[in-house]
Amino acid sequence: MEQYYLFVSIFVPVIGSFLLPAVGKFSERVRNLSALLFVLVSLFGALALVPAVMAGRVINIAIPLPLGFNFAFTADMLAVFMAIVSSLVGSIIVLYSFDYISHYDNRNEYYLMVVLFLGSMMGLVYSANLIFIYLFWEITAIASWRLIGFFREPIHVLRADKAFLVTVFGALMMLLGFIFIYNTAGSFDLAAIKVYFKTNPVPNIAVILILFGILSKSATLPFHTWLPDAGVAPSPVTALLHAAVLVKIGVYVFARLFIVTLPLTPQWNVIIPVIAAVSALVSAGAALVETDMKRIIAYSTVSQIGFIFLGFAIGTEVGVAGALLYILMHGLAKGGLFLCAGIVEQNTKTKDITRMGGLIRTMPVTAISFLACAFSVMGIPPFGGFFSKYLVFSGTANSGHLFIAATFLVGAILTIMYLLRIFNLIFMGESHLANVKEGSQTMVVSVAVLAGLSLLCGICIKYPSEFVQSAVKQMMGL
Amino acid sequence: MSDNILILPILIPLAAGLAILATPKKWRGVKEAIALLATLASLGITLLLFGKSLFYSIPWAGFGISFSLRLYPFSAFIIAATAIFGFLTVLYSSSFLFKKDYAKLFYAYLLVSLSFITGATLSDNLILLLFFWEGLLVTLFGMIALGNKGAFKTATKAFIIVGLCDVCLMVGIAIAGHMSGTFEMSKMNIPIMGVGGIAFLLMMIGAIAKGGSMPFHSWIPDAAIDAPLPFMAIFPAALEKLLSIYFLARISLDIFKMAPESWLSYTLMTIGAITIVFAVMMALVQKDFKRLLSYHAISQLGYMILGIGTLVPAGIVGGLFHMVNNAMYKSCLFMTGGAVEKEAGTTDLAKLGGIGTRMPVTFACFIITALAISGVPPFNGFFSKELVYDGALERGFIFYLAAVVGSFFTAASFLKLGHAAFMGKLQERNRGVREVAWPMLIPMIVIALGCILFGIFNAFPLNHLIQPSISETRLHGESFAGFPTNMTLVIVTVVVLVGALLNHLYGVKKTGNGLGAVDHIHYAPGLSWIYKKAEKGYLDPYNLWWGIINVFSAVMSWIDKAIDWLYNDFATGVANGLAITLKKLHTGSYKIYILWSIAAAIAILVFLLKAGA
Numbered sequence: 509m510e511q512y513y514l515f516v517s518i519f520v521p522v523i524g525s526f527l528l529p530a531v532g533k534f535s536e537r538v539r540n541l542s543a544l545l546f547v548l549v550s551l552f553g554a555l556a557l558v559p560a561v562m563a564g565r566v567i568n569i570a571i572p573l574p575l576g577f578n579f580a581f582t583a584d585m586l587a588v589f590m591a592i593v594s595s596l597v598g599s600i601i602v603l604y605s606f607d608y609i610s611h612y613d614n615r616n617e618y619y620l621m622v623v624l625f626l627g628s629m630m631g632l633v634y635s636a637n638l639i640f641i642y643l644f645w646e647i648t649a650i651a652s653w654r655l656i657g658f659f660r661e662p663i664h665v666l667r668a669d670k671a672f673l674v675t676v677f678g679a680l681m682m683l684l685g686f687i688f689i690y691n692t693a694g695s696f697d698l699a700a701i702k703v704y705f706k707t708n709p710v711p712n713i714a715v716i717l718i719l720f721g722i723l724s725k726s727a728t729l730p731f732h733t734w735l736p737d738a739g740v741a742p743s744p745v746t747a748l749l750h751a752a753v754l755v756k757i758g759v760y761v762f763a764r765l766f767i768v769t770l771p772l773t774p775q776w777n778v779i780i781p782v783i784a785a786v787s788a789l790v791s792a793g794a795a796l797v798e799t800d801m802k803r804i805i806a807y808s809t810v811s812q813i814g815f816i817f818l819g820f821a822i823g824t825e826v827g828v829a830g831a832l833l834y835i836l837m838h839g840l841a842k843g844g845l846f847l848c849a850g851i852v853e854q855n856t857k858t859k860d861i862t863r864m865g866g867l868i869r870t871m872p873v874t875a876i877s878f879l880a881c882a883f884s885v886m887g888i889p890p891f892g893g894f895f896s897k898y899l900v901f902s903g904t905a906n907s908g909h910l911f912i913a914a915t916f917l918v919g920a921i922l923t924i925m926y927l928l929r930i931f932n933l934i935f936m937g938e939s940h941l942a943n944v945k946e947g948s949q950t951m952v953v954s955v956a957v958l959a960g961l962s963l964l965c966g967i968c969i970k971y972p973s974e975f976v977q978s979a980v981k982q983m984m985g986l
Numbered sequence: 003m004s005d006n007i008l009i010l011p012i013l014i015p016l017a018a019g020l021a022i023l024a025t026p027k028k029w030r031g032v033k034e035a036i037a038l039l040a041t042l043a044s045l046g047i048t049l050l051l052f053g054k055s056l057f058y059s060i061p062w063a064g065f066g067i068s069f070s071l072r073l074y075p076f077s078a079f080i081i082a083a084t085a086i087f088g089f090l091t092v093l094y095s096s097s098f099l100f101k102k103d104y105a106k107l108f109y110a111y112l113l114v115s116l117s118f119i120t121g122a123t124l125s126d127n128l129i130l131l132l133f134f135w136e137g138l139l140v141t142l143f144g145m146i147a148l149g150n151k152g153a154f155k156t157a158t159k160a161f162i163i164v165g166l167c168d169v170c171l172m173v174g175i176a177i178a179g180h181m182s183g184t185f186e187m188s189k190m191n192i193p194i195m196g197v198g199g200i201a202f203l204l205m206m207i208g209a210i211a212k213g214g215s216m217p218f219h220s221w222i223p224d225a226a227i228d229a230p231l232p233f234m235a236i237f238p239a240a241l242e243k244l245l246s247i248y249f250l251a252r253i254s255l256d257i258f259k260m261a262p263e264s265w266l267s268y269t270l271m272t273i274g275a276i277t278i279v280f281a282v283m284m285a286l287v288q289k290d291f292k293r294l295l296s297y298h299a300i301s302q303l304g305y306m307i308l309g310i311g312t313l314v315p316a317g318i319v320g321g322l323f324h325m326v327n328n329a330m331y332k333s334c335l336f337m338t339g340g341a342v343e344k345e346a347g348t349t350d351l352a353k354l355g356g357i358g359t360r361m362p363v364t365f366a367c368f369i370i371t372a373l374a375i376s377g378v379p380p381f382n383g384f385f386s387k388e389l390v391y392d393g394a395l396e397r398g399f400i401f402y403l404a405a406v407v408g409s410f411f412t413a414a415s416f417l418k419l420g421h422a423a424f425m426g427k428l429q430e431r432n433r434g435v436r437e438v439a440w441p442m443l444i445p446m447i448v449i450a451l452g453c454i455l456f457g458i459f460n461a462f463p464l465n466h467l468i469q470p471s472i473s474e475t476r477l478h479g480e481s482f483a484g485f486p487t488n489m490t491l492v493i494v495t496v497v498v499l500v501g502a503l504l505n506h507l508y509g510v511k512k513t514g515n516g517l518g519a520v521d522h523i524h525y526a527p528g529l530s531w532i533y534k535k536a537e538k539g540y541l542d543p544y545n546l547w548w549g550i551i552n553v554f555s556a557v558m559s560w561i562d563k564a565i566d567w568l569y570n571d572f573a574t575g576v577a578n579g580l581a582i583t584l585k586k587l588h589t590g591s592y593k594i595y596i597l598w599s600i601a602a603a604i605a606i607l608v609f610l611l612k613a614g615a
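Protein chains in written order, with our numbering: chain A, 509 to 986; chain B, 3 to 615.
Mixed in with the good hints, there may be bad ones.
Stated by the list, open to error - Derived list of chain A stretches under chain B, where covered just means 3 residues or more per stretch with a C-beta under 8 Å from a C-beta of chain B:
1) 785-792
2) 886-893
3) 922-935
What the hints assert, rightly or not - Derived DEER-like restraints, expressed as beta-carbon distance ranges:
4) 650/A - 269/B: 53 to 63 Å
5) 939/A - 525/B: 41 to 51 Å
6) 529/A - 103/B: 35 to 45 Å
Source of the hints: derived by calculation from the structure; they are not laboratory data.
Heads up, the beta-carbon is just placed ideally off N, CA and C, and yes, glycines get one too.
In isolation and in its complexed conformation, chain A is listed as follows (with noise of 0.2 Å):
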């Protein structure tokens, strides 16, 4: 029973979202819910896993193929975790671009990316080889080049262009990286390799050519640059791209190969977090600096993604269990800005925040939804984001590099700064703008949703908690 979730859940939305386009010709409206469905599917699929893998279970689809390249998909706590924090906020996304994208052209095109996307991401995260890993991932890429050229001007195009050269350079690194696994470990499929390397050391040659495709999907210095430039996109697959998909596939398969496949030697539990906090501080600097909305967001995503690598690489329990409560927090927190931001950007017209300013008389939803979201960015309790900034800290204070966690002390003072800074410039202070209309009930409902659950996350703390403290013994083999 419980394969057929599995089954379902990656492939109703990787084969439906073809059908999208077919359907969108006779009927928008069945498109839009079929198309809603197909993402629901996933979550629902990944909710009716949670008992069977919270009693310690793990659930596999294995269909043997030649060469190695097994047609294998597996449950463990992580990927059901993982999954359902990527179709939640996805689904919200959808129902949102339900009235966004209505005023623009190519909505079949849209849809049918938007859901591939989706759907490619649960076969990423459910992957038990190498190979299916580095085969949705590149569909990922596909999708989004794609959606951030999806208004199709020149510099968007360009945009789109850089963003899928960038991440598609890692990903051939990465690639390159999992042949050597493959060639020391004499397979691609992630349980053998596992058991191979309990014995043998990893290649630092691998980890380094895979480190490459994951820092520039997840958008971490240097290779982070496609992400601010990425914000020319529509707000609901910039949201997409920094909350639910994009820069999660990167963090994602750190936790994969890096915490439950492949043990990282000592020196890499500095090796990250360094790369990680350097990439936090430059970019919650350019965030202080920009003045574009959008690209505001898009740094602090940046900036946040190294308290995640942080957490996942500092080498100890709690700052794991804090790496996935972030990766939940940030992604409802992080979509509800993005949200919020193309509530504002279409009333507007402009992604100027000095040009803005009062819009809180007008909009009050979305501001209060925005100032949530924000502070459970910025890890304000109750919001839920105060726990999993903590549990990062903690962590990196049980490793001892105090120097590491003074480092990104400065970084969460910062997002605190900037993001009160954008909240302040587009929503109080005196008006600019004339006439401008909250968003629809769609679109509001949307981002009060995700501040909403960004609230309840952090006053119900205990359930995902729970989940995850299984998760990480798990993932850890304690």
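Model the placement of chain B on the given structure of chain A, informed by the hints.
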């Protein structure tokens, strides 16, 4: 009594706050009624709980984070004080905020804050404490932003300053928890050597910043002007001090193994002394009732930090006693300021004067609390200050000197304030000033009476509230109730107070009015230059911090742009250059192509031969 009753004082104000948020605006009086009932109910429960010891714990988020509450004399005392101030402030606000648009939101934020403060005080788990403590940022931002038009800027300032220090606290707690292997405060005992010292320092920053110690003070004077007055009367004046000093006492006395000879003790005393002197010097020259009080709110915190920092019994007891006393007179002083604001429509001292006879009860309350803050016997402030002096002198003359200098200027500035606001000639614009309504008077009267009682009968608070809060090992069974034993210190105090009075009379004689009573200090050579800089905000640490951050972020942004250049220009440039070079090589000449082919064939051959060998 079941232990889970401990949740009630947290839950009741929270539920009431959310209920107020849900009430429609049109329902007049409902929000006031809910707020009054809820604060009264929490007051009842906290008084009922007083003197008991309870412990309640349920698992929460894992990783050592449990929802554990501990009631013991110290926390019972702080939550009772919180409930009393909560009730009195709501009563006061019911008249002060009557018909104000933002009243509904204010009550909601106020009640949620009361809930969080109670929660933070009761928490035995440090993460739970941090949860409530940092959560106060949200309501702090909300309450200040409710004020006048530009108040959101002050709210942002407060949020950034306090938020910065809360993040430090967070990291400090993480380190402390790692060192002791638990987050339960009652089980922690950390040496302050090395990393322990860093943990203490980070947690100390969080603790003193909540109270608004220097250099984390500068949002308070701004909030005095921008935020709604009841906010000032309860938070910066009373509850934030209680919470701040409560936690400072917990970390200094319980969680860390602090000894008087440690460098951290000197750090604390130095911060305290600097805060006392510099803040009171700023208070002295203020021309606005509320702004003047706000600098005193900062300065008085210095006495508490100094007292606790001494780590000797007299100082600790004095610091905690001063915390209670200050909360009382400072919140009453702000309430008198609010009464003046409501009646005269301004708190600008130049526009006030002579209204004392028109609002006698307010004036009487002002006199009592001003005497108390100046440390005049037999009011409560006198007794706590004497204890702080005693402790400070034991640790170093310089600290004692700072405390005494602070007292001189405190007395001087309150003489000026009282004279300028309530005495002198009544201005034409203040003809309509009358006494305020009873909901505003009652809190003032109650607190002013408290200042007298806590002074004359100081044995009650000392023996039943303060001393039981401190562990026996710190006090060695000493009791500090009654009149100070060190008569030399008392004589010095009296001389200083008389000196302040003479200084006032001199200033008034020179300028002819109360407002100018300290002009001879304000415009003294050297000082006037510093004051000018300070008034322009050059000495505001917040502005300095933004200056640093702006430079930092400009550099970071430049690095970011440089990396982006590598992608946008360098990489594309190299690719184009390569393409152009290759294009040029393809001239269409068969001869060159054949030569290439031969060269390549030779290369392959060599490679194969080598591989074969």
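Hints, verified against the model:
no.	hint	result
1	785-792	holds (count 4)
2	886-893	holds (count 5)
3	922-935	holds (count 5)
4	650/A - 269/B: 53 to 63 Å	holds, 58 Å
5	939/A - 525/B: 41 to 51 Å	holds, 42 Å
6	529/A - 103/B: 35 to 45 Å	violated, 52 Å
Hint 6 from the list above is the single one not met by this structure.
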